[in-house]
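Guided by the hints, dock chains B, C and D onto chain A, whose structure is given.
Here is what each chain is made of, one letter per residue.
There are 4 protein chains.
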Amino acid sequence: MNSIGKILTLTTFGESHGPAMGGVLDGMPAGVAIDLDELQRFVDRRRTGQAVGASSRNEQDRVELLSGLLQGQTLGTPIGFIVRNSDAHSQDYDKLSDCYRPNHADFTWQSKYGIRDHRGGGRASARETVARVVAGGIAMHALNKLGVTITSRIVQVGHVTDEDKFDGAILEAASEGDTLGGIIECVADGVPVGLGEPVFGKLQAQLAAAMMSIPSVHGFEYGDGFDMATKRGSEAMDVFEKREDGTIGTATNHSGGIQGGISNGEDIVMRIAFKPVPTLMREMLCVDHDGNPVAVHPHGRHDACVLPRALSIVEAMAALVILDNYLIRKTNEL
Amino acid sequence: MNSIGKILTLTTFGESHGPAMGGVLDGMPAGVAIDLDELQRFVDRRRTGQAVGASSRNEQDRVELLSGLLQGQTLGTPIGFIVRNSDAHSQDYDKLSDCYRPNHADFTWQSKYGIRDHRGGGRASARETVARVVAGGIAMHALNKLGVTITSRIVQVGHVTDEDKFDGAILEAASEGDTLGGIIECVADGVPVGLGEPVFGKLQAQLAAAMMSIPSVHGFEYGDGFDMATKRGSEAMDVFEKREDGTIGTATNHSGGIQGGISNGEDIVMRIAFKPVPTLMREMLCVDHDGNPVAVHPHGRHDACVLPRALSIVEAMAALVILDNYLIRKTNEL
Amino acid sequence: MNSIGKILTLTTFGESHGPAMGGVLDGMPAGVAIDLDELQRFVDRRRTGQAVGASSRNEQDRVELLSGLLQGQTLGTPIGFIVRNSDAHSQDYDKLSDCYRPNHADFTWQSKYGIRDHRGGGRASARETVARVVAGGIAMHALNKLGVTITSRIVQVGHVTDEDKFDGAILEAASEGDTLGGIIECVADGVPVGLGEPVFGKLQAQLAAAMMSIPSVHGFEYGDGFDMATKRGSEAMDVFEKREDGTIGTATNHSGGIQGGISNGEDIVMRIAFKPVPTLMREMLCVDHDGNPVAVHPHGRHDACVLPRALSIVEAMAALVILDNYLIRKTNEL
Amino acid sequence: MNSIGKILTLTTFGESHGPAMGGVLDGMPAGVAIDLDELQRFVDRRRTGQAVGASSRNEQDRVELLSGLLQGQTLGTPIGFIVRNSDAHSQDYDKLSDCYRPNHADFTWQSKYGIRDHRGGGRASARETVARVVAGGIAMHALNKLGVTITSRIVQVGHVTDEDKFDGAILEAASEGDTLGGIIECVADGVPVGLGEPVFGKLQAQLAAAMMSIPSVHGFEYGDGFDMATKRGSEAMDVFEKREDGTIGTATNHSGGIQGGISNGEDIVMRIAFKPVPTLMREMLCVDHDGNPVAVHPHGRHDACVLPRALSIVEAMAALVILDNYLIRKTNEL
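Residue numbers (this note's numbering), protein chains in the order written: chain A, 1 to 334; chain B, 1001 to 1334; chain C, 2001 to 2334; chain D, 3001 to 3334.
Next up, chain A with everything else stripped away, as it sits in the complex (with noise of 0.2 Å):
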C-alpha cells in the first residue's frame, strides 16, 4: 500500500539506496501553474544537512520531473517524477544484513517479506518521504491559488518546550551519541468550509493516517486532542458568532477547525509526536536472525532529531489530504 488519497493519489517508490525515489500523483487537476524552483526549495528545506544535528549526508535531491506538465502547467494527467540517491555509502551497512536493531525496522521487515534491503533501512528509511515532499509540494501551488496557507513549526523537543533552546538541547544528546523526539503543530489556515468524507473519511481520520505513516510519529491531535480527555463539556465549547462578513464562526477553537469530521472554517490545528531516533552514536545492542545478541556500532550518517526535516514532510502530508479533500468537496452537490 504505497498510495494515499483517493481522487489526488500519491503512489512511492523506492529504497534508501537504490538508484532513485520517486512517485507518481495522480489526479491533479488541469492548469495549475507549477514553480519549478519553488518546488525545489521545498524539497530542500527536508534535506538532509540542513539542520543542527542532522547526518551530514547530502544528497543533491533534485526532481526530476518526467510528465504530467506543459510548459509549467499541469495536464491533468499524472505527474511521474524522480530523485536520484546519489551519495550512498552502502558497504556502511554490510554489518547490518544478518543484524536486527532495535526499534527499526529491520526485524518486522524481514519476518514480513523474507527479505529485505539492509543498506541504510531500504524503503524503511526516512530518506522515503522525499517523495511524499515533492508531491506536497505540487499540491501547495494548487492550494495557494486556493487561499490555503499550511505552515509548521517545532512546539517541543524533548522537554524543551523553548523554541530558543531547541538547538541547544539537540546539541547535548548528540555529544552523547543519544537522541530527542518531540512534537510538531501544523497550522491550515484559509480551508473553507465543508473538507471531510463521514463516516469514515472524516477529515481528521485522513489527517491522522496521513501523519502516522510518517516515519517515528507515535502520536496525532487534532484541536484540543487529548487535553479535550480533561476538560467538562462546558469548557470545551466553541460557541458560534456571527462574523462582520456576516459569515458564522467561532469564538474559540478547542475543536480544531473540524466538527462532524468536516471543515468549519476555522484554523486546523493538529500536533504530531515523533518519537526520538532510534539510532544512537554509540554502541547499540542487536540481535542477529536467529536471536544471538550483536553489538554494533553505526557507522552511516543519522541525525540526532529528525523535527527539523519533518516539518517540509508534515506540511506536505497535510496538503495531500486537503487538496484531495477539495477536490472530492465538489462531487457533493450535482
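Hint data in this document are derived by calculation from the structure and do not stem from the laboratory. As the structure is a computational prediction, the values presented were derived from the model and not from experiment. Even glycine gets a Cβ: it sits at the ideal position worked out from N, Cα and C. You may find that some hints are simply not true.
As the list claims (entries may be wrong) - Cβ pair distances, simulated, as ranges: (1) D:D3044 <-> A:D35: 33 to 41 Å; (2) A:H289 <-> B:R1062: 50 to 58 Å; (3) C:R2041 <-> B:R1062: 39 to 47 Å; (4) C:E2172 <-> B:R1062: 29 to 37 Å; (5) D:D3162 <-> A:Q40: 56 to 64 Å.
Same frame as chain A, now just chains B, C and D:
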C-alpha cells in the same frame, strides 16, 4: 466515504431517527462460525442505558443478519445487516432544525450538503457506530479463531485516572448538567508478526484512521505515544531478546507492538482521547442559520460521558483493522 | 468485491433464498428529489413473470429505503435499502446441494469458498441484480435532472434480429425445454463531453466492467465494436463538423460516443451479449462433488430467456457508471 | 485514474514526447526472481518497427528498474521503473496543436482538461502502453512460477482470418495510405480454479476493463462470446467430467474458463477487437478549435495496423489481472 478496509471492507448507513442503521461487511473469509448470541451480546455492550450517567434512550439494538451466512457459517459473500431504530422521539429535535449547536456537526453538515437530517444528529449521531460494532463483533469471531484477543478499558475520565472514581466523576458532572471526556486504552494480544502495509498502510496509520473516525475522538497514540516526544533514544529502546520458544521478542514495549509500520508480535497498545459530550443538560448558546444567537435547552437524551459505551466501538474498529491486515498479509508471498 | 464505483459506489449483498437482497449507494449528491413510485416502477420492470417465457417466481420486490433521504430528498449520506425475498421455495433445491450443474456457478463457488448456498444459486443467482436496479433507478433520477437519458432494447434473440419475432423464438425454445441468449443494445443520450478517466478508467473500460459483471454476459462492445475489426481506417472515420449551435460534433458515430476513453457528446452506444439460460427445463447432466455423473431434472422456476428482464439491469449499470463519471469529472479542474 | 488492480496495482505515467514513460508496480510478492534480460525481451516485442506496416519510430525502450529489487529478487516493495523517450520528433506535430483529428483523443482531452499535450498524442498515445508491458512482464515471472502461461495471437486482420495473409493485407492497406483493425485472441493456460471476485469483481469483468483500457480496443468477449447469443442452452453446455487425475473438468469450453465469475480450471479464452489505426497516411479532414475544417497531412510515423505490437500489451494486461486475482484468492479463507 462510508466504507473502511481494503480486503475486509465495512460499509455503513443510517440516520439516528431513520428506519434503521445497517451495514455490509464484505470480504469476510468463508467457513467462520458466527455465534449469534455472542454477537448480540457484543452489540449490547454498546447500548444506551448501561452505564452511569448514560442517556435513557433504550434501543433494543437487535441485530438482523440478512445475508452471508448459511447454518451459522460465513459463506465468503457479503454480510448485510440492519438494526432497527425502534425508539426515536424525533419531535424532541424539531426546534433544532434551524439551529447550529456548538461542538456539533450541525453547521458543517448543513454547509457541506445544503441539507441535513437534524433529528438526533442524523448520520452525525454516535448511533451510527452500532453498525461498526456489529461488524467488529463478526470480525472478532475470526480473530478469536486466530488467537487474537482485543480488550479495552477506560484509563482516564476528566482528570481522574483512578478506576474506582470514574462513576463518581461522571455523576458529579452530570448533576451539574455538564459532561466529561476521557481516554480509552485498547490492547490487541496475540497479533502475529507481519501485519501492516508500509508506507501508507502502516498498521498505526490504519488504526489511527479507524479510531479517529469514531465520533468525539480527538487524539490517537500507540506505544509510548506523546510521551515518546520527551524520551531520549536510549530510554525508548526496545531491546530484542531470544524467548524460550526460540522466537525473537522485545524486553520492553515502548513501540506498542509496531515497528516500521508492521506488527512485531508484542501487544499492540493504543490510547484514544475523547472530547466531552457536546450536549449539556442545560441551556446552550446556539445560532440560527443566519448566525443570530438562540438559546436552546436540549430535551433529547444524552450521555454525560461516552466512554463506557465507547469501549466496544474501539474494540470493533481494532478488530476490523487487524483482521483486514491479517488477510492482506497473505498476499505478501506467492 | 461487492462494490462498484469510485465516488458513487454501490455495495450489494444478498443470497437468492436468504431473508433479503440489498445494497448501499454511497456518494449520491445531496438535494436530489427521488420519486419513490417512479423508483418502484423501474424496479418492477426487472421483476420475474413479466416477460414471455419467464419463470413464474413472483416476488413483490418492494423497495425499502432505510436511510439517506429526508422528505424525498437525498441527504448526501449513504442510501441503504433492502428488498425482501418473499417467495422462496428453498426445498426445490435440496437435491442440488451435492451437485454441480453445467454452466452454473456451483462448481467454481464451492471450489473457491469451500461452502456455498445452493438454494436458488445463492449469491450467484441473477436475483442479485435487483439491488443494482434499485441503485440504478436512484442514479437515473440525478441523470434525468442533468438531461441524460438511458434506454435499451433487445436487438437479437438467438438467431432472430426481427423484433416482432422475439416472443415466438423464446416460446418455441421454451416449448422444447430449451433456452435462448441474445444481444441488448443500450444508448445513453445527452451525456456531456468529458466523462471518462484515462488511462485505466476510460469510459468504455468502466462500462465494460459494469456490464460484464451482470450474470450471463459474455461480450461487450461499443460503437462499431467487433465490426470495427473489419473496417479500414478510412471507413471508420467520424469526421468532425460544426453544429448550428456552434458546438463541434461528429457526422457519424462509429466511435459510439467515446474517443480516447472520454465521452465526445454523441450518443454512447454499446451492445451486450448474453448466453442462453443454463438451466434447461429438461434433464441435465450434472456431477456430484466427487465428479460422478448425476442426472438432474430442475424443479425451480427459470426463464427461457433473460433478455426482457435484463433491460433494466443494463440501464441501471449504465446509469451508475455515467453518474459516477459525471461526479468525478468535476474534480478535473480546480 | 492511472492505476489498475487491487492488491497488485499498476500506476503509470508519461506523455509520448515527454522525458519518459514509467510506472509503479505495487503489491508484487517478495522473493520472486526477475530475469532482466527476459523482461527486456518481453518489452522489445511491443517495440515500434518490428512488424510489417509498422511506423519507423525506433525507440530503444530500455527498461530502467529504480526500486523494489535486490540482487534480482523482488523485495515486496513497489517496483518503480521508467523507459526514456529517446526518439521524439515533436516538431512533426506542431501544426496539430490547434487541430482535432477524427477518431483521435484530441477533441475530448482538450474539452475535458482545457489543455493537452498535442505532441504525438501526449498521454493518449499508444506509447503509454510500454509501461503496461514492463509491469506485465514482471507479473509474468510470478505466473510462470505458478504454472500459468499466457499467449496471444492475431486471429483476424480486416476481413482476413487466414494467418498467412495478414502481412499481405496490412501492406496492401498501407500502400493506399489506409489502415486496418483486427482481433486478437488471448489464452491463459494453467489458471487454478477459484480466481475472480463476484459480484462486481468477476474475472471477466476485470479482464474486460483491462482490455478495454488499451487504446483502439472496441470489443471484448470470452468463451463463445457474441456467438453465445445465437446458441440454445443445450448447445452451449459445458458438461462436467471426471479427469484421470480425479479432478473435475469440462468436456467443452464454451464458457471460456470462467463460470459464475470465477475461473474453473479450463483455459481462459478471450478475444479483443481493435479498430483500425485512426491516422491515415493521406490527407485527413480535421477541424480547428472553433470547428472550422482543416485538411491535415500527417508527418509523424504511424503503424498501418497495431495488432502485431498489441500482442504483448494484451498479454501484459491479462498477466496483471490474473496475478492480482491469484493474490486476492488467498484472502478467501482464514
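Do the hints match the structure? See the list:
| no. | hint | result |
| --- | --- | --- |
| 1 | D:D3044 <-> A:D35: 33 to 41 Å | holds (39 Å) |
| 2 | A:H289 <-> B:R1062: 50 to 58 Å | holds (52 Å) |
| 3 | C:R2041 <-> B:R1062: 39 to 47 Å | violated (33 Å) |
| 4 | C:E2172 <-> B:R1062: 29 to 37 Å | violated (51 Å) |
| 5 | D:D3162 <-> A:Q40: 56 to 64 Å | holds (59 Å) |
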